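Visitor: Residue strings, one per chain:
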Amino acid sequence: MQGTLRGRDLLQPRSLADALKMLRNEGPLVPLAGCTDLYVSLNFGTLKATRFLDLWNLDALRGIELRGGALRIGALTTYTEIRRSATIRRRLPMLAAAAREIGGVQIQNRGTIGGNVANASPAGDTLPVLLAADAVVVLRSAAGVRRVPMTSFYTGYRQSVATPEELIVAFEIPPVRGRQWFRKVGTRAAQAIAKIVVAGVQDREPRLAMGSVGPVPLRLWQTERALGSGASLAEAQQTLQREIAPIDDLRSTAEYRRQVAANLVAQFWNSRSGTTPGR
Amino acid sequence: MRLTVNRRTVVVKAHPLTRLLDVLREECGLTGTKEGCGEGECGACTVLIDGQPVNSCLVPVAHARGTRITTIEGLAGSHPLQRAFVEQGGAQCGICTPGMIMAAAALGPHPTLEEIRTGLAGNLCRCTGYTAIYRSIQRASRR
Chain H
8 MQGTLRGRDL LQPRSLADAL KMLRNEGPLV PLAGCTDLYV SLNFGTLKAT
58 RFLDLWNLDA LRGIELRGGA LRIGALTTYT EIRRSATIRR RLPMLAAAAR
108 EIGGVQIQNR GTIGGNVANA SPAGDTLPVL LAADAVVVLR SAAGVRRVPM
158 TSFYTGYRQS VATPEELIVA FEIPPVRGRQ WFRKVGTRAA QAIAKIVVAG
208 VQDREPRLAM GSVGPVPLRL WQTERALGSG ASLAEAQQTL QREIAPIDDL
258 RSTAEYRRQV AANLVAQFWN SRSGTTPGR
Chain P
388 MRLTVNRRTV VVKAHPLTRL LDVLREECGL TGTKEGCGEG ECGACTVLID
438 GQPVNSCLVP VAHARGTRIT TIEGLAGSHP LQRAFVEQGG AQCGICTPGM
488 IMAAAALGPH PTLEEIRTGL AGNLCRCTGY TAIYRSIQRA SRR
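These protein sequence lines are chains H and P, in that order.
Residue numbers for the first sequence follow our numbering, beginning at 8 and rising by one.
Residue numbers for the second sequence follow our numbering, beginning at 388 and rising by one.
Looking at chain H on its own, in the form it has when it is part of the complex:
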C-alpha cells in the first residue's frame, strides 16, 4: 500500500444513533462501508481524510422492502443483494441490470448502493437508474430525517446537498410504470468504468437519465419531453446534444460520447428489449 495509516482513525459506532452522534460531535468524519472506492485512493496515497466512520456493521442500514407501495433500499445494500433480490427484479429490473455490470463478483459482494451515491462519480452505474426511477434519497442526522429527490441531490462535480452531519440511510422508489431499460457502454462488461451509462423508462411520459456526459449524472428532462411529445427521433437527438456536456478524459472523448449518447437514445426509443416490471 502506498498510502500510510499513521495518524488515521476509524470510529466504530454500535448503532445508527451512535453513528449520527459521532458525526455531529466528532466530525468531520468520512463514512466508509464496502470500501470499494475509498480503498482505491487510500492504497494509492491520494486520500487526504484521516478520520473515518465505520458503517459496515450497522445492519439497520441494510435490506430491501416494500413500504406503503414504495420500494425502500437500505444504503448498505450490496450489489449482490440487489441482483439477487426477487423484489428488485420484479419492481426495478433496471437496477438489477446495473448491479450485474458493476465490477466483478468481488466488488458486487462489498460495494453498496449508498456508497455509489455518496461517492458521487458522474460515472456511477446506479445513479442514472435512481434518477430515471424518481428515487428519493433519505438523509439522517442527529437532528432528524429529510428526503431529497435524487434529481436535486447533486449540485456540482462530486458535490451534493448532503451536509457533513448527514448520512444517506436509504432510497425510496415509487412504483415505476412502463418498460425499463439500462445500458452501460464500456471497454468490457465487468470491471470497466462506464464511458456512458444510461437508464430509461418507456411510458407515455418517458424518463431518461445518463451518466458520464456531464459533471453530475443527468436526468434528461428536455430530451424525454421531446420524445414524449411526439418529436422525431432526430429532433430529440438534437435536444440531447444541447442537454449534455461530455468531456475528454482517460476513458473516452467528448466527440465519441456525443455520438454514442445519440445512438443510445435511438436504441432506447426503438428497442423493445427492456423489462416491464411485474406487479
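Among the hints, a few may not be true.
[To be verified] Each computed DSS-like pair below joins lysine-lysine, with the alpha-carbon atoms no more than 30 Å apart: (1) P:Lys400 <-> H:Lys28; (2) H:Lys55 <-> H:Lys28; (3) P:Lys400 <-> H:Lys55.
Calculated from the structure, these hints are not laboratory results.
Because the structure is a prediction, the values reported are computed rather than measured.
Position chain P relative to chain H; hints supplied.
Guide: Then chain P, alone, in the frame of chain H:
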C-alpha cells in the same frame, strides 16, 4: 483483534484500517494470496469471507472480524480445483491462480461455462490463459 483464518483463530495487532491482504501476508504469513493491482480490478488477492469472494486489497481488517476467512492455503493443496489447474495447464505464470481458484471455489458445484465466465469476470490473467482456466474449473466440477 481475533480473526478466523482457514478455521484457525489468529490474533493480530494490525491497525483496523490495514488491508486484509497485508494482514494475511505479513502477520499470518499466508503469502499464497497475491497483490496484483491494489485497486480491485484484477482479483489476484481474492479470498473468501463467509464463503463470498472479496478483493482482500479493498477490505479493512476491521471488517473481517467475526467472519470466516478462507485463503488459498485453506484448500490445503488437495482441492479438486487445485488438482485440475495442475493437470489442465490452468496456471501459467501463476500470479492470478490463487485468486482464480478462490473465485471458482465460490461457484456452485456444477457451474455452466457462462456461470464460470461471470463468476471470474473480476479476475484477470495477464497470460490470457482463460481457456485453460475455464477448462480446469469444468474438469474439477465433474469430480
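Visitor: Give a verdict on every hint.
Guide: Comparing the hints with the structure gives:
Distance hint between P:Lys400 and H:Lys28 is fulfilled; the C-alpha atoms sit about 28 Å from each other, no more than 30 Å. For the proposed pair H:Lys55 and H:Lys28, the alpha carbon gap of about 23 Å is at most 30 Å, so the pair holds. Between P:Lys400 and H:Lys55 the alpha-carbon distance is near 24 Å, which keeps this suggested pair within the 30 Å criterion.
When held up to the earlier numbered hints, the structure conflicts with none and fits them all.
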